[in-house]
Amino acid sequence: MNEKVSRWEEIKRGMGPTIKELKFTINRIKQSPLSIVGIVIVAFFAAIAIGAPFLAPLPEGWRDPFQVPKWPPGSLTHPPTPPEPGAPFGTVDGYNIYYACIWGTITAFRIGVEVVAGTLAIGLLFGTLSAYYGGIVDEILMRITDIVMAFPGLLLAMALVAVLGPSMDTVVLALILVGWPSYARVIRGDILKIRQEDYIEAAKAVGCSDFRVITRHILPNSIYNVIIMASLDIGAIVLSAAALSFLGLGAPAGYADWGQFISMSRPYIYKNPQDPLGYWWTWTIPGIFIFTFVLGWNLLGDAFRDILDPTIRRR
Amino acid sequence: MVDKAKIVEVDDLKVRFYTYEGIVKALEGVDVFLRKGETLGVAGETGCGKTVTGLSILKLVPPPGRIEGGRVLLNKDGKTINLLEKDELFLTKIRGKDISMVFQEPKAALNPVYTVEQQIGEVLMLHRKAEFILNILRQIKDEYKKTKSKFRRFILKRQFGLYKLMLKNPESLYLKIMSKIPIVRRFKRRLKEEIRKEVVRLLKEMEIPDPERVANMYPHELSGGMAQRVVIAIALACNPTVLIADEPTTSLDVTVQAQVLDLIRRLKEKFGSSIIYVSHDLGVIAELCDRVAIMYAGNVVELADVYELFKNPLHPYTRGLLEAIPRPDKPLKSIKGTVPNLINPPQGCRFHPRCPYATDICRKFKPELVEVKKDHLVACHQVMGGE
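Same order as they appear, the protein sequences are chains B and X.
Quick note on the working numbering: the first sequence kicks off at 1 and runs consecutively.
Quick note on the working numbering: the second sequence kicks off at 1001 and runs consecutively.
A few of these clues could be false.
Taking lysine-lysine pairs in the DSSO-like style, the calculated list, with each CA pair at most 27 Å apart, reads [as the list claims (entries may be wrong)]:
1. K1373/X - K1006/X
2. K1129/X - K1145/X
3. K1150/X - K1164/X
4. K1086/X - K1107/X
5. K1093/X - K1014/X
6. K1145/X - K1059/X
7. K1107/X - K1006/X
8. K1097/X - K1079/X
9. K1188/X - K20/B
10. K1197/X - K20/B
11. K1180/X - K20/B
12. K1168/X - K1097/X
13. K1192/X - K23/B
14. K20/B - K1059/X
15. K1129/X - K1204/X
16. K1107/X - K20/B
17. K1157/X - K1146/X
18. K1204/X - K1168/X
19. K23/B - K1145/X
20. K23/B - K1180/X
21. K1311/X - K1036/X
22. K1150/X - K1192/X
23. K1373/X - K1036/X
24. K1188/X - K1150/X
25. K1036/X - K1086/X
26. K1097/X - K1059/X
27. K1146/X - K1164/X
28. K1141/X - K1129/X
29. K1107/X - K1093/X
30. K1188/X - K23/B
31. K1192/X - K1176/X
32. K1025/X - K193/B
33. K1014/X - K1364/X
34. K193/B - K1107/X
35. K1188/X - K193/B
36. K1059/X - K1025/X
37. K1141/X - K1157/X
38. K1141/X - K1192/X
39. K1192/X - K20/B
Everything labelled a hint here was simulated from the structure, so no lab data went into it.
Hey, can you work out the whole structure from these sequences and the hints?
Structure representation (structure tokens):
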């Protein structure tokens, strides 16, 4: 009994600083209602993504869940049909919009997370090396960055996708290759600032190797801006991917992707002079999904800034 | 008097900073040495190269600075090592262990994202890990003898193996994997506890009240004096033979300053470190140091015993500095002119434009640091000519 108490005390003491920080973080979140909205929205989409197989079950004998089934089953291309039971968001070109929106959430998360992880990795590597070592290393890496940056991003991505052949993977790859320079730039600037600090000098004076100084002392102090950028970008990248899909360079026809469904409804934005918004469901519903998703990530990005940035955190 | 062993010797050190305006000749042949167990004060005006000298000893001159010449000799276990010739890997083992540094701004010298425990723990992990592991191995052995439970014995055996591996090959992949697996990684707790104990002991040594609580604090929660004690604790964590203190009390208020000085003096006796104390405050130096080096524009101009220097200053610059200490009964004097621009320093003796005794020889030739009396070195043509 006695030993148990002491062990519990030990754990409590060891966790002390972590719990204190966690409480502080939760308090900070509570203070800004917008960040709660952001968290709720992103959590809502995450729930949709996880629950997709139950929310929009696959039709019998359907193999690829990301291939949107037709409604009514087996129908050929015909004018959009309005919302009805079975296809609650209506159809476009015979595809079931409800199914596309639900499974499209997974696609959106996948694109956002994969692209951001890729850009973050390349950007961090380039930015960190060039800022920490400076001199000729900095010169070479930053000129490479400048070259990539000099191209208009979306055009370069389009060219890459066109060359590599349109598919979801090439879209992700193209967006990574286009997106990393801004991360490299931002992280480089932050590290240049932190590198001057006394505690970096102190860390070196204590016998830390370069690798340790970078990973343990510089990055934890300079990564906040990039993390915030990344969370904002997860939303923005979904927009870029939607733009590519809209231009017909994204996923193959019928792939569950919000951007593609907006692209598909292009001919139906205007129905006829008597009833101009007759096919409203074709473009508004995927549009609302994209809009809310991006909004959620933007609000979450602000929340991250409040929580993580040590210069704002303690105010 | 027997010449006690020189523990650090700086010999003809030259440091240049390559800036846009030109090459700043920050140090131009600095010669200074530190004997075992003594405190050497380094004094001079702002920008005369005191801090750069301290950083050069650790080979940590920040870019665009570069060490262009000279030697920094460290006497380690009876062997003399030239630190400037060694590579980074060797130096990381010296820094913090044999030579450590206390910085001017204690709050800036602590990383804002780590607690006090983590920061002191880092140094301990870098240099004293083996010691802790040996301790833990002994503990495990004791516990093994006491317990009867088979399960407990099995776990202790595993832990013993892991710690032994850690001692033999700390970079082992197996160990890295094991310390990532939940539950299994609990074996690391022993190490954490050991480190925590040592951190608390060190904080107590620094006369910090309630060390258990302070160990969990972040730097922004500490007061200036407290933060400086933590910085000193980091510097002394591995019992360094040489401690370089770069104006450790400048940013503190007077009462805290007195406490910290007191602490440094007591710790010096306890740990037996030799100290290089950089300061522009001659009062503090008089109080704390055994010998004093006066620097001017990147040169050591006078090096003497503290009593000798204050009683019998020989270099005109030293005299000027001593007269510039405010006293209630005398009007305040200052040295005329300013520290020269080190991109284009004056020819000959760098002090001659401000020196009241300057003659032609001072304008043309640079004086060497010469021993004019026992243990009293000075670099001045006038002194050498006069005596």
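Do the hints match the structure? See the list:
Taking the CA atoms of K1373/X and K1006/X, the gap is near 19 Å; set against the 27 Å cutoff, the hint holds. Distance restraint check for K1129/X and K1145/X: the Cα-Cα separation of roughly 25 Å lies within the 27 Å cut-off, and the hinted pair is therefore satisfied. Between K1150/X and K1164/X the alpha-carbon distance is near 21 Å, which keeps this suggested pair within the 27 Å criterion. With a CA separation close to 31 Å, the supplied pair K1086/X and K1107/X exceeds the 27 Å bound.
As the CA atoms of K1093/X and K1014/X are separated by approximately 24 Å, the hinted pair is consistent with the 27 Å bound. Under the criterion of a C-alpha separation no larger than 27 Å, the hint pairing K1145/X with K1059/X is inconsistent with the structure, at around 49 Å. With a C-alpha separation of about 33 Å, the suggested pair K1107/X and K1006/X falls outside the 27 Å cut-off, and the hint is violated. Restraint check for K1097/X and K1079/X: the C-alpha separation of about 16 Å stays at or below 27 Å, so the hint holds.
Restraint check for K1188/X and K20/B: satisfied, since their Cα atoms lie roughly 23 Å apart, inside the 27 Å limit. Our distance criterion of 27 Å between C-alpha atoms is met by K1197/X and K20/B, whose separation comes to about 21 Å. Between K1180/X and K20/B the CA atoms are separated by roughly 24 Å; this keeps the pair inside 27 Å, and the hint holds. For the hint linking K1168/X to K1097/X, the alpha-carbon distance of about 20 Å falls within 27 Å, and the restraint holds.
Between the alpha carbons of K1192/X and K23/B the distance comes to roughly 24 Å, so the proposed pair stays at or under 27 Å and holds. At roughly 39 Å between alpha-carbon atoms, K20/B and K1059/X are farther apart than 27 Å, so this suggested pair is violated. At most 27 Å may separate the alpha-carbon atoms for a hinted pair to count; K1129/X and K1204/X meet this at roughly 21 Å. At most 27 Å may separate the alpha-carbon atoms for a hinted pair to count; K1107/X and K20/B meet this at roughly 21 Å.
Straight-line distance between C-alpha atoms of K1157/X and K1146/X comes to about 13 Å, which keeps the hinted pair within the 27 Å bound. Of the pairs offered as hints, the one joining K1204/X and K1168/X is violated, with about 32 Å between alpha carbons and a cut-off of 27 Å exceeded. Between K23/B and K1145/X the CA atoms are separated by roughly 42 Å; this puts the pair beyond 27 Å, and the hint is violated. With a C-alpha separation of about 26 Å, the suggested pairing of K23/B with K1180/X holds against the 27 Å cut-off.
Of the supplied pair hints, the one linking K1311/X and K1036/X holds, its CA atoms being roughly 24 Å apart against a limit of 27 Å. Proposed proximity of K1150/X and K1192/X is supported: the alpha carbons are some 25 Å apart, at most 27 Å. At roughly 21 Å between alpha-carbon atoms, K1373/X and K1036/X fall within 27 Å of each other, so this suggested pair holds. A distance of roughly 21 Å separates the Cα atoms of K1188/X and K1150/X; the hinted pair therefore holds under the 27 Å criterion.
Between K1036/X and K1086/X, the direct Cα distance comes to roughly 22 Å. Compliance with the 27 Å bound is thereby established for this hinted pair. Taking the CA atoms of K1097/X and K1059/X, the gap is near 14 Å; set against the 27 Å cutoff, the hint holds. At most 27 Å may separate the alpha-carbon atoms for a hinted pair to count; K1146/X and K1164/X meet this at roughly 20 Å. Between K1141/X and K1129/X the CA atoms are separated by roughly 19 Å; this keeps the pair inside 27 Å, and the hint holds.
Between K1107/X and K1093/X, the direct Cα distance comes to roughly 25 Å. Compliance with the 27 Å bound is thereby established for this hinted pair. Proximity of K1188/X to K23/B is assessed by CA-CA distance (about 26 Å); at most 27 Å being required, the pair is judged to hold. A distance of roughly 16 Å separates the Cα atoms of K1192/X and K1176/X; the hinted pair therefore holds under the 27 Å criterion. A hinted pair counts as satisfied when its Cα atoms are at most 27 Å apart, and K1025/X with K193/B qualifies at roughly 25 Å.
Among the hinted pairs, K1014/X with K1364/X is consistent with the structure: their alpha-carbon atoms are about 20 Å apart, no more than 27 Å. At roughly 17 Å between alpha-carbon atoms, K193/B and K1107/X fall within 27 Å of each other, so this suggested pair holds. This hinted pair does not check out: K1188/X and K193/B have alpha carbons roughly 35 Å apart, beyond 27 Å. Restraint check for K1059/X and K1025/X: the C-alpha separation of about 17 Å stays at or below 27 Å, so the hint holds.
Pair hint K1141/X plus K1157/X holds up; C-alpha atoms about 9 Å apart against a cutoff of 27 Å. Under the criterion of a C-alpha separation no larger than 27 Å, the hint pairing K1141/X with K1192/X is consistent with the structure, at around 18 Å. This hinted pair checks out: K1192/X and K20/B have alpha carbons roughly 19 Å apart, not beyond 27 Å.
Of the numbered hints listed earlier, those contradicted by the structure are 4, 6, 7, 14, 18, 19, 35.
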